[in-house]
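**Student:** So you can see what is in the structure, the chains are spelled out below.
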Amino acid sequence: MDLNIVWFGILGVLLAGYAILDGFDLGVGVLHLAAEDDTERRILMNSIGPLWDGNEVWLVTFGGALFATMPHAYATAFSGFYLAFMLLLCALIFRAVSMEFRSKAEWRWWRKMWDWSFFAASTLATFLFGVAVGNSIQGIPIGADKEFAGKFFDLLHPYALLVGVLPVALFSMHGAIYLYLKTEGDLQRKIKHWIWTAFGIFMTIYILTTIVTLVHLPHVTKNFETMPAAWLAVLLNILAIANIPRAIYKEKPFYAFVSSSLTIAALVFLFGMALFPNLIVSSLSPEYNLTIYNAASSQKTLGITLLIAIIGMPIVLIYTAIVYWIFRGKVELGKFSY
Amino acid sequence: MSITAYYILKKKHLDMAKKAFTIALVFGAVVSFAELVSGHFQAKTVSKTQPAKLAAFEGHFKRKDGGADLWLFGIPDEKEERVKYGIAIPGGLSFLLHEDFTTPVAALDEFPKADRPPVVVPFYMYHLMIAFGMFFIFITLVGLYFRFVTKNIFEKRWLMRIFVFSILATYAANQAGWIAAEVGRQPWVVYGLLKTSDAISKSVIGEQILISILMFSFVYLLLFAVWIFVMNSKIQHGPDALEMPDETSGEGLLEAAARLANPAGYSMTLAKQDDLEIQLEKE
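Here the protein sequences come in this chain order: A and B. Each residue of the first sequence is one higher than the one before, starting from 1 at the first, in my numbering. Each residue of the second sequence is one higher than the one before, starting from 1 at the first, in my numbering.
These are calculated hints, taken from the structure and not from any lab test. Since the model is a prediction, treat every value here as computed from it, not as a measurement. One or more of the hints may lead you astray.
[Claimed, not checked] Here are the simulated DSS-like pairs of lysine-lysine, each with C-alpha atoms no more than 27 Å apart in a straight line:
1. A:Lys-146 / B:Lys-195
2. B:Lys-19 / B:Lys-156
3. B:Lys-64 / B:Lys-79
4. A:Lys-335 / B:Lys-19
5. B:Lys-202 / B:Lys-113
6. B:Lys-10 / B:Lys-113
7. A:Lys-112 / A:Lys-192
8. A:Lys-335 / A:Lys-112
9. A:Lys-104 / B:Lys-10
10. A:Lys-252 / A:Lys-146
11. B:Lys-10 / B:Lys-62
12. B:Lys-234 / A:Lys-335
13. A:Lys-252 / A:Lys-330
14. B:Lys-11 / B:Lys-234
15. B:Lys-234 / B:Lys-10
16. A:Lys-151 / B:Lys-202
17. B:Lys-195 / A:Lys-300
18. B:Lys-202 / A:Lys-146
19. B:Lys-151 / B:Lys-113
20. B:Lys-151 / A:Lys-104
21. A:Lys-335 / B:Lys-12
22. B:Lys-234 / A:Lys-104
23. A:Lys-112 / B:Lys-234
24. A:Lys-104 / B:Lys-12
25. B:Lys-79 / B:Lys-62
[Claimed, not checked] A few chain A residues facing chain B, derived, Cβ under 7 Å:
26. Tyr-82
27. Leu-83
28. Met-86
29. Ser-103
30. Lys-104
31. Glu-147
For glycine and all other residues, C-beta sits at the position ideal for the given N, C-alpha and C.
Whenever a hint applies, use it, and build me the whole structure from the sequences.
**Tutor:** See below:
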């Protein structure tokens with residue numbers, strides 16, 4: 001267990017944390033247009049209103065940690081996927097401003113415009129995340145100089161597009177379960193139907209993606225031989241997914257939310273298992289892979305940043321818990337709501 | 001100050017606007033002066049850590065034994081390597097940096113040509129920023145005079161108009177400073193250690209950078225326009241009326257404190273009334 005492996009783990013935790021937290025924010029965005037009138041849409045936005053910003057911070061932390069600890073991987077990925085990242089930034093900007101600007105005027109065209117913007121931005125961001133993951137697992141052309149040797153449209157091959165759709169379905173389900181926790185009355189009854197639909201779509205895409213991955217990219221299970229404990233994650237994943245419909249049927253929505261969070265965590269873990277010890281796989285030749293060893297900063301840097309992470313993480317978790325506690329319970333539209 | 005001056009000109013929300021304007025005016029005057037002090041020390045730091053940048057800021061082209069001149073304004077000419085049509089204080093730059101009119105200051109020609117920053121943009125932007133900074137000190141002092149000495153500032157519509165538009169100057173000063181700092185640091189991205197030309201991503205081709213610059217410009221302009229629109233409607237709407245706490249429902253702080261102090265239930269406010277009745281009875 002050396003610092004590089006520890007940091008691989010921490011990056012995984014940050015990524016999983018981001019996916020679980022911003023997953024439901026983006027999911028609410030994807031579902032936004034399914035709500036029909038102004039009040040319903042306001043309730044949807046206000047359910048994530050006080051929380052989404054803190055959740056998105058986990059992405060910044062992941063990016064920052066990657067930059068500090070594995071700068072070559074950060075450079076190759078962010079420069080290689082340059083246009084995709086610019087699109088992602090655009091999407092995240094518009095996701096944010098849609099929420100902020102929507103409530104500032106009363107005109108129907110204004111609110112409709114920001115509704116569509118919110119939906120499109122959330123969906124695009126989620127899709128791009130999936131495309132990035134798909135490309136990471138499959139491998140991208142990286143030469144001996146550690147630079148990306150392809151073009152933007154090389155990133156949009158069918159496997160990446162399939163993996164791109166997976167988080168859209170997953171986050172929609174996760175977001176729907178979250179909304180079920182935060183709403184009441186007629187809207188909550190409607191959302192229950194959304195959960196079932198989203199779950200069905202997610203199951204279909206998840207099974208398809210799993211089969212395609214195992215057939216098309218058999219190397220993803222290579223690490224299972226050296227770390228058989230990973231099978232536990234597979235089992236946990238299946239049980240968590242199976243528990244979601246069970247919990248919804250039994251009217252225990254928080255249990256369902258925990259299950260969908262565990263599903264996301266398990267998927268990120270499996271993603272890590274598929275990659276380890278690489279960060280970016282080269283499709284040109286395995287000797288050009290960017291690993292946690294050749295892409296890392298110095299050991300001293302890894303040590304200092306680990307110390308900062310150990311101090312920072314509990315603080316982040318505590319303030320997150322406090323904020324979630326303050327805004328617990330059903331959404332109530334007030335004077336200062338979105 | 002810009003918004004409250006606007007309200008005063010339009011004669012809306014006068015009570016709030018006058019109070020808020022005064023607070024902001026005092027604060028603005030203090031901070032404007034503090035900015036001068038802070039800027040002075042920052043310039044000293046720049047002269048030590050990034051001397052080529054300071055030379056560009058001040059248009060200090062040629063090495064001199066003895067004090068360096070402080071150009072108050074002028075037109076820097078990079079080809080001829082001098083500042084034209086300007087007024088300079090002899091030894092002024094040395095004085096500001098070293099409290100001594102004769103200490104030499106690093107000049108641009110002491111650096112290899114490839115390491116020199118462009119002069120025209122940093123010089124103008126730096127001087128523009130300082131000009132605005134001086135303007136802020138001046139205008140807030142004028143404001144303080146009319147507010148506290150002659151006490152008729154709110155009737156001076158010409159002054160209120162200046163304050164309304166001065167908000168643009170604050171943004172301009174901020175941006176000018178940043179432009180001066182960033183352009184003045186070229187060709188370094190990390191001064192003395194890494195050149196900008198060595199820091200670029202090799203895999204990102206020129207067209208992609210252009211696309212992203214255009215995209216960001218478009219997004220920022222769009223959001224800026226929306227922001228102006230939303231801000232304007234908020235400013236026009238003005239502050240909402242204060243909601244006074246309901247006096248009759250629930251016990252006030254005084255009653256609650258009284259109850260705690262004397263559980264027999266004697267209200268402090270009622271006590272006063274009783275005293276009054278006793279006094280009236282005595283009469």
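**Student:** Hint by hint, say whether it matches the structure.
**Tutor:** Now for the hints, and whether the structure bears them out:
no.	hint	verdict
1	A:Lys-146 / B:Lys-195	holds, 21 Å
2	B:Lys-19 / B:Lys-156	holds, 16 Å
3	B:Lys-64 / B:Lys-79	holds, 19 Å
4	A:Lys-335 / B:Lys-19	holds, 26 Å
5	B:Lys-202 / B:Lys-113	holds, 25 Å
6	B:Lys-10 / B:Lys-113	violated, 56 Å
7	A:Lys-112 / A:Lys-192	holds, 24 Å
8	A:Lys-335 / A:Lys-112	holds, 21 Å
9	A:Lys-104 / B:Lys-10	holds, 23 Å
10	A:Lys-252 / A:Lys-146	violated, 49 Å
11	B:Lys-10 / B:Lys-62	violated, 54 Å
12	B:Lys-234 / A:Lys-335	holds, 15 Å
13	A:Lys-252 / A:Lys-330	holds, 15 Å
14	B:Lys-11 / B:Lys-234	holds, 17 Å
15	B:Lys-234 / B:Lys-10	holds, 15 Å
16	A:Lys-151 / B:Lys-202	holds, 13 Å
17	B:Lys-195 / A:Lys-300	holds, 25 Å
18	B:Lys-202 / A:Lys-146	holds, 10 Å
19	B:Lys-151 / B:Lys-113	violated, 57 Å
20	B:Lys-151 / A:Lys-104	violated, 38 Å
21	A:Lys-335 / B:Lys-12	holds, 23 Å
22	B:Lys-234 / A:Lys-104	holds, 9 Å
23	A:Lys-112 / B:Lys-234	holds, 21 Å
24	A:Lys-104 / B:Lys-12	holds, 22 Å
25	B:Lys-79 / B:Lys-62	holds, 12 Å
26	Tyr-82	holds, 5 Å
27	Leu-83	holds, 6 Å
28	Met-86	holds, 5 Å
29	Ser-103	violated, 10 Å
30	Lys-104	holds, 5 Å
31	Glu-147	holds, 4 Å
Comparing the model with each numbered hint stated earlier shows that hints 6, 10, 11, 19, 20 and 29 do not hold.
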